[in-house]
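A.B. asks: Below are the chains, spelled out letter by letter.
2 protein chains.
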Amino acid sequence: MEIKDLHEWIEDLSRFDKARNLIPLLQKMPVVDVGIILQELDDEVLIELFPLFTRHQQGLIFAEFPITRQLRFFQHVSKRRFAPIFEYMPSDVRSDLYQHMSQQEQVALLPYLSKSIRENVISLSAYPPETAGGIMSTDFATVLANMSIEEAIAKVRSDSPSKKMVYYVYVVDNQMKLTGFITLKDLIMALPGQKVREIIHENFVYASVDEDRESVAFKIEKYDLVAIPIVNSQNQLLGIVTHDDAIEVIRAEHTEDLEKFMGIVPDKEDQAYLETSSIQHFKKRVVWVVSLAAVGILSGMIIHSYESTLEKLMILALYMPMVADTGGNAGSQAATVIVRALALGHITAANWLRVLWKEARISILIAFCLGVIAFAKVLFLSWETEIPESLNLTKIAFVISLALSLQVVTATVIGAGLPILVKRFGGDPAVAASPAITTVVDITGLLIYFTVATLFFTL
Amino acid sequence: MEIKDLHEWIEDLSRFDKARNLIPLLQKMPVVDVGIILQELDDEVLIELFPLFTRHQQGLIFAEFPITRQLRFFQHVSKRRFAPIFEYMPSDVRSDLYQHMSQQEQVALLPYLSKSIRENVISLSAYPPETAGGIMSTDFATVLANMSIEEAIAKVRSDSPSKKMVYYVYVVDNQMKLTGFITLKDLIMALPGQKVREIIHENFVYASVDEDRESVAFKIEKYDLVAIPIVNSQNQLLGIVTHDDAIEVIRAEHTEDLEKFMGIVPDKEDQAYLETSSIQHFKKRVVWVVSLAAVGILSGMIIHSYESTLEKLMILALYMPMVADTGGNAGSQAATVIVRALALGHITAANWLRVLWKEARISILIAFCLGVIAFAKVLFLSWETEIPESLNLTKIAFVISLALSLQVVTATVIGAGLPILVKRFGGDPAVAASPAITTVVDITGLLIYFTVATLFFTL
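For the record, the sequence lines run as chains A and B. Counting along the first sequence from 1, when you hit position 164 you're at 1330 in my numbering, and nothing is skipped either side. Counting along the second sequence from 1, when you hit position 296 you're at 1462 in my numbering, and nothing is skipped either side.
Looking at chain A on its own, in the form it has when it is part of the complex (with noise of 0.2 Å):
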């Protein structure tokens, strides 16, 4: 990639008569780099390319393409063709793809592969997207216990002809059930004649094939695992998962609480942005937009039922954009905050009390800040507004800041405690973030503003 562009790279390997010599240099290349670059070509040059590198190559190499640029060449070449390149891929992405594919699709291909390859592409795609099984790869190596280190060895080799790197071997039953696992290196480390059940280790970490893969990925995390074996309910191997996919899990999550915070609604297909028509951004956003506009009828309710106050003194109606917002500012920040805490595993709902107190804290320093600016900001701003002889400018000042900084404290500890309260209740506290708490806190804003307001003037 370095040495040249990929449109350079685009260009020759579209000439047929460059890119026969250019393939020694891709077959040198990061397989990834090499994906990057064949998904840009036409599909005609793809089936004239592909035959060139060796199968494996062939299926890792098409496992790097974006699945939409799959489903496309897939749909354009012969399934005759397709089916070798199918068989190569990795396992877990081969079963991605064909979930992917129409039911016609699906029995258009089956015919072309092997019984083996089809039994396990139908039984790893029968597993729902969202779970171990759905994310597992089966490109694993089994011993027995009972097994000397020299058969162990001729095991791991054939169980794993390909390229794939080989993380743990896992030590199974002759009912396939999983009794521990041992580490290449303790193959290696092994003296000649010990047996696999003499450097097993039993302890291990497991995950059912069924779990949330978000747990999965976080145990990956939580043991600095390379790979968690997935298990069914009688304790049978069924896959692995590996740290690469918990990695995709992180970052899909990571979206996912963005667009939370944000109120959109997130879908389980992590789609590129340009790929996805507006019609579609549209759904995922208006959702909230519109409830927020529908919730904000009650603080239209609340300035109108204040009506006439504003008329008497105007300038009340001029600060009021300023204490909304300011409150959705404060809250927001709280409650991101907290919703990390809490992802984080800093803070449990259990610790509502002290985290609340502590936001109270924080708020009251924040609020005199904001105080004093809002202060200063209506003696400056304010000073030809026309006010009733019964007041000066300075107490309208004192009291618009008065009720701004009530705000912010209310807003934050809102803020603070609308996660925390959702999260008591089972639910994730990333909903409770930005867009709820600036719809709440508008009207707790305004009924402070003009509470404080009527308390201090005789209106």
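Read the hints as simulated data drawn from the structure, not as lab findings. In this text, all values refer to a predicted model and were calculated from it rather than measured experimentally. There may be inaccurate statements among the hints.
Stated by the list, open to error - Quick list of in silico lysine-lysine cross-link-like pairs, BS3-like style, CA-CA up to 27 Å:
hint	chain 1	residue 1	chain 2	residue 2
1	A	1321	B	1351
2	B	1194	A	1449
3	B	1321	A	1351
4	B	1194	A	1343
5	A	1385	A	1449
6	B	1351	A	1388
7	B	1194	A	1361
8	A	1385	B	1194
9	A	1321	A	1351
10	A	1194	B	1385
11	A	1561	B	1478
12	B	1281	B	1321
13	A	1361	B	1561
14	A	1351	A	1361
15	A	1478	B	1478
16	A	1478	A	1449
17	A	1194	B	1388
18	B	1281	A	1524
19	B	1385	A	1388
20	B	1361	B	1388
21	A	1343	B	1385
22	A	1351	B	1245
23	A	1194	B	1351
24	B	1450	B	1478
25	A	1351	B	1385
26	B	1343	B	1388
27	A	1194	B	1361
28	B	1351	A	1385
29	B	1351	B	1388
Chain A is fixed; fit chain B onto it per the hints.
C.D. replies: Below, chain B alone, put in the same frame as chain A:
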């Protein structure tokens, strides 16, 4: 952990008579869980318990403690007792701890360390924590190209006596220059009599020691690596960064994004919420709420410049908050989507025109929905509000909802454009999120609102 809960464990372990019998049980558990349990115990108890584990276990368990707990223990025990535990920690965690010690503490500890460890700690902690050097470990195995497979296996044995997992074996020349790598599987698969040079992989992904840790994590993720070699400018192998470090970096990055989104100043040290003082929290958050309030003065000025308009048509004032909020929400949403799409590489700054055009289309759909709602809102809420004879409520409702719709479109396009702009100029798009957007669109919102109003009503 499953069998008894954390508190039972702590209870039992604190009673020394019981503790002794529990050690075998603990030794069977994953080191991570043992760490979680032991970190809760008093230092006195810990000092008694640690010697009951092997030195390797002691190092690994202690490494699982949070850094603050590690420091507390270190400050509490004699350096002589602490040194052996310290020596058996994984090299990367060890140098982290060392960096967190005061200079006096460092000087006090060094004499108790063996020469090799002392040198290792000092050299590792010389690298800034944000770089590959700052997170790399030196626990790796190397072989020479001209070694026989048997010699290589022997070398791996001697290089990695600990329980730690070995990922790749790196092939270096006698100046420690990295020339390639082999996997343990290659070693197992190799035929007797073969030489390392016959099975070496000479194309490998590496990172330089001063590379930003996020770019290292990105490489590990992109190439699905278990570990990546870290080299200096002379291409000499200095250490490795492993997949679990990558996950940590990605998590930290995740928090940072969220914080930037809410205008919280992210601190590099991902400190636990409750361990961070209120003052620190305050400092992290106040910066932009205040700057936001400051910029708010501008919106204040705009409002005041239309004071006369508002006096004549009080009803406009009642809907200022609605317009401000809606714009902020639409804008933040767009920003979230774009920042994420940029981060995932789904779009590039070069796409800006296509993106903005798409956002425009999306926003028109949203604007229409919100416009309708706003129209209904005004009719519903303000039917009693007194308005000049020259006008009728329907017209006012129309004007307000029109202004709101225009604001939604503008806000969305600004929300999408700002992050791209920041990216263009080499900044981090995330900083152009929520806070910034809200501020900017508040101002545009008011301008649109009053311009439309004065256009339709001769005020």
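A.B. asks: Work down the list of hints and note, for each, if the structure agrees.
C.D. replies: Do the hints match the structure? See the list:
1. A:1321 - B:1351: holds (12 Å)
2. B:1194 - A:1449: Since the Cα atoms of residue 1194 (chain B) and residue 1449 (chain A) sit roughly 52 Å apart, the hinted pair is violated (cutoff 27 Å).
3. B:1321 - A:1351: With Cα atoms ~12 Å apart, residue 1321 (chain B) and residue 1351 (chain A) stay inside 27 Å; holds.
4. B:1194 - A:1343: Since the Cα atoms of residue 1194 (chain B) and residue 1343 (chain A) sit roughly 20 Å apart, the hinted pair holds (cutoff 27 Å).
5. A:1385 - A:1449: violated (34 Å)
6. B:1351 - A:1388: holds (26 Å)
7. B:1194 - A:1361: holds (21 Å)
8. A:1385 - B:1194: holds (18 Å)
9. A:1321 - A:1351: holds (15 Å)
10. A:1194 - B:1385: holds (18 Å)
11. A:1561 - B:1478: holds (25 Å)
12. B:1281 - B:1321: With Cα atoms ~22 Å apart, residue 1281 (chain B) and residue 1321 (chain B) stay inside 27 Å; holds.
13. A:1361 - B:1561: Given that 27 Å is the threshold and the Cα spacing comes to 89 Å, the pair is violated.
14. A:1351 - A:1361: holds (15 Å)
15. A:1478 - B:1478: holds (13 Å)
16. A:1478 - A:1449: violated (43 Å)
17. A:1194 - B:1388: The hint holds at about 17 Å.
18. B:1281 - A:1524: violated (46 Å)
19. B:1385 - A:1388: Satisfied, since the Cα-Cα distance of roughly 21 Å is no more than 27 Å.
20. B:1361 - B:1388: violated (31 Å)
21. A:1343 - B:1385: Violated - the C-alpha atoms of residue 1385 (chain B) and residue 1343 (chain A) are around 36 Å apart, more than 27 Å.
22. A:1351 - B:1245: violated (34 Å)
23. A:1194 - B:1351: holds (20 Å)
24. B:1450 - B:1478: Not satisfied, since the Cα-Cα distance of roughly 43 Å exceeds 27 Å.
25. A:1351 - B:1385: holds (25 Å)
26. B:1343 - B:1388: With Cα atoms ~24 Å apart, residue 1343 (chain B) and residue 1388 (chain B) stay inside 27 Å; holds.
27. A:1194 - B:1361: holds (21 Å)
28. B:1351 - A:1385: holds (25 Å)
29. B:1351 - B:1388: Distance of about 22 Å is within 27 Å: holds.
Of the numbered hints stated above, those contradicted by the structure are hints 2, 5, 13, 16, 18, 20, 21, 22, 24, listed in ascending order.
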